[in-house]
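Same order as they appear, the protein sequences are chains X and H. So for the first sequence, numbering that gives the first Met the number 0 puts the first residue at 0; every next one is plus one. So for the second sequence, numbering that gives the first Met the number 0 puts the first residue at 0; every next one is plus one.
Just so you know, the hints here were simulated from the structure itself, not pulled from any lab data. Nothing here was measured: the structure is a model prediction, and the numbers come from that model. Yeah, the Cβ is synthetic: ideal placement off N, Cα and C, and Gly gets one too. Hints are supplied without guarantee of correctness; some may be wrong.
[To be verified] Covered stretches of chain H (in silico footprint by chain X; criterion: 3 or more residues with CB under 8 Å from a CB of chain X, positions within the stretch not fixed):
no., stretch
1, 145 to 152
2, 289 to 295
3, 300 to 307
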Amino acid sequence: MSEASSLVLTEEQQLIQETTRDFVADQCSVDSLRQLREKREDAGFDRALWKQLAELGWTGIIIPEEYGGAELGLAELGVVLEELGRKLAITPLISTLVAGAGCLVRAGSDEHKAAILPAVCEGDLLLALACQETARHDPYSVSTTARKDGDGFVIDGAKTLVLDGAAADRFIVVARTSGDSGERSGLSLFLVDANETGLSRKPTFLIDSRTCADLTLSGVRVDSGALIGALGAGADILDPVLDSVAASLSAEMLGGVLDTFERTVQFLKDREQFGVKIGSFQGLKHRAARWFCEVELSKSIVLKTLRALDSNDVQAPELSAACKARLSDTFRYSGEEGIQMHGGIGVTDEEDIGFYMKRARVSELLFGDASFHRDRFASLQSF
Amino acid sequence: MSALDTFRSETRSWLEENCPAAMRTPPEKTDTVWGGRRSTFPNEDAKIWLERCVEKGFTAPEWPTEYGGAGLSREEVRVLRSEMKALRCRPPIFNYGLLMLAPVLLEYGTDEQKAEHLPPIARGEIRWCQGYSEPGAGSDLAGLQCRAVRDGDEIVVNGQKIWTSDADVSDWIFCLVRTNTEVPKHDGISFLLFDMESKGVSVSPIPLISGASPFCQTFFDDVRVPARHLIGKENGGWTIAKRLLQHEREMLSESTAGARPTQKKTLVDVARESLEVPEGPLTDGVLRDELAQLYMDRLCYSATLERSRDQALAGIGPGPETSMFKLYLSELGQRNSDWRHRVVGARGLGWDGDGFDDEELQTTREWLYGKASTILGGTSEIQLNIIAKRVLGLPD
Ligand SMILES: Cc1cc2nc3c(=O)[nH]c(=O)nc-3n(C[C@H](O)[C@H](O)[C@H](O)COP(=O)(O)OP(=O)(O)OC[C@H]3O[C@@H](n4cnc5c(N)ncnc54)[C@H](O)[C@@H]3O)c2cc1C
């Protein structure tokens, strides 16, 4: 068995983990998230932090070497995201690297790649995937249209919950070039500049202090070079990219799960009632022990899925669905158990645990919740 | 080619040559070869397969060759397992001697004890049963009362065990006995081996809700056991007893998935038949959702087992988290058989007789028998206690 498929971190991954852990200890905390929440008018994240991540090489971690990246896999990026996720750090890693650069690396023209990827590695350019239109994630429900016009296209429609869309420099817009909303075929991807005439964006501040954007596209004109991949076959790019996004987001969620769990177990050891530590009550012990099992299962599926995606395993799509479903459920459960076991302090804004529950809800609904992914899993397995 | 690659290709060709074709199909419940003096085989191929494995040391590949093993390294055992899995070779034998007793004998037995007991286990000649639980000592195992008193070179055993799986068909027992009543309960227990044919041993099977009787009440009336069959120190049996429970949990976290019967029809097959939906999405959306959840949880569980094996290879673990495997797999197994039983509807309500085929009757029996899995080998609640204490370090 090769080292790469082992579900134990490689030496390199351990090194990345330690580096990120030190960085996070130094730079990220729930307090920095509180500050970000107060500022609000900002891009939705701390640009200085992003610059530092670029210096570490993380902003190009999965980008091919020829464009200035480190050409590592999602397994390595996952390690970074998990550590950042522990302290609920907000960075556009998933939107820019996994979603945005992911589409370009897969299907972008040489011109696109050369123009964009080096700047992404430098931390100078941000991308966002403008896909969702409906209240719940449903990637083929696309009514936005791209109409052929001369040697270009004219895009009309609206997008919602565009992750990191408030700060993005370029959007990858999913639009319909044929067929009806709900159909897998007929989707096309376009690279659209954020300053393009006819495109307007409205930042949306979410419960977890993350910023998304709603986009309106009215008569946005792009030339034919803006098309990514083949006309009408956008889903062939979108599907695997969304799998990678779901798995990467799961890695970030795992960090949140771990921190919620660990800080709650510590609380059980510290807090006294009835003259004893509350962790001595069997009613809480058993809940904590069950929670532990869910956490362990979550760790395994994240490791397994990221490795499967890196090696283009045929099982990767269903693993991605299983992974995002599990992490959606486990993160929600972790937030709920965490708050309940903290008692009254758990529902105050002063205590950090509530931030984790809010992040859990947003991450759960981004790119499909457990219900969505169970349905997807069942379809992939043909039942 | 690395030494391990060479080993892999040699092992593969050995398996291809020596594992009969009939031993490369999923086993049914009745296909398990238990071994022992009264060993039975479902067919001639099963017997041949066992004999060939015995000769090669493959029934206990990681043991030293002097005890009937193959003396393989951990990496080699792993290769052997993955090759067996790839060729879908059945385990040649499955029993408690091999999986529970032998590991503690290797750790705590004297050279004489190992030489006496391990080779017959490797050859599948002696079938062992586990004499732990008593009517008054289940979860509180250390509260056991079965009395053993030294008399010269012998130890005399009096008392009762209960829920002793397969006691009626086993040859020897590994038994926990009380050798000191004056000290705290954990400090007066000894770990003793004896022949079930000894004078004074009697067994009486207990029927289960599934109709089967795999376990017994076991009585000891002045059973005289040579003192050399005491493993470890007199009154030092608790440490060994706990160690064995860890191996039992390990066995339960893999065997229920592997060696236990795998029904021919998958859950999807069963649902398609019952719902009369030959293709396309299952029409009952709730059942479909539950099924996806079950399959996904299986995936997560097997990824966790895989991770734990990879960690072992990397020299990490295994620790008290074996409790998690036991806990999770037993519950997952129950959900599985409960789901199957619910989905078949009316076809699953028959007890016996005409009108229901074997697979349907088996579905019912498995659902019922499955209820035992969260009780045997330490109940789920006990596993949760262990996790809370030993893994999470929560206070008493
Ligand atoms: C099919 C089967 C095969 C078996 N095979 C063998 C065998 O081969 N050899 C052998 O020695 N034994 C065997 N057993 C016995 C098994 O190990 C015991 O049944 C088990 O340990 C539970 O003990 P008990 O039945 O006395 O239940 P009890 O200990 O009386 O438990 C009753 C209930 O109380 C709960 N409980 C008890 N203590 C606690 C606690 N501290 N905290 C929270 N809840 C608690 C339990 O979880 C359970 O729900 C077998 C059992 C079954 C069902």
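Okay, the hints, checked on the actual structure:
1. 145 to 152: violated (count 0)
2. 289 to 295: Coverage by chain X holds for the stretch 289 to 295 of chain H (5 residues, Cβ < 8 Å).
3. 300 to 307: Answer holds; 5 residues pass the 8 Å Cβ test.
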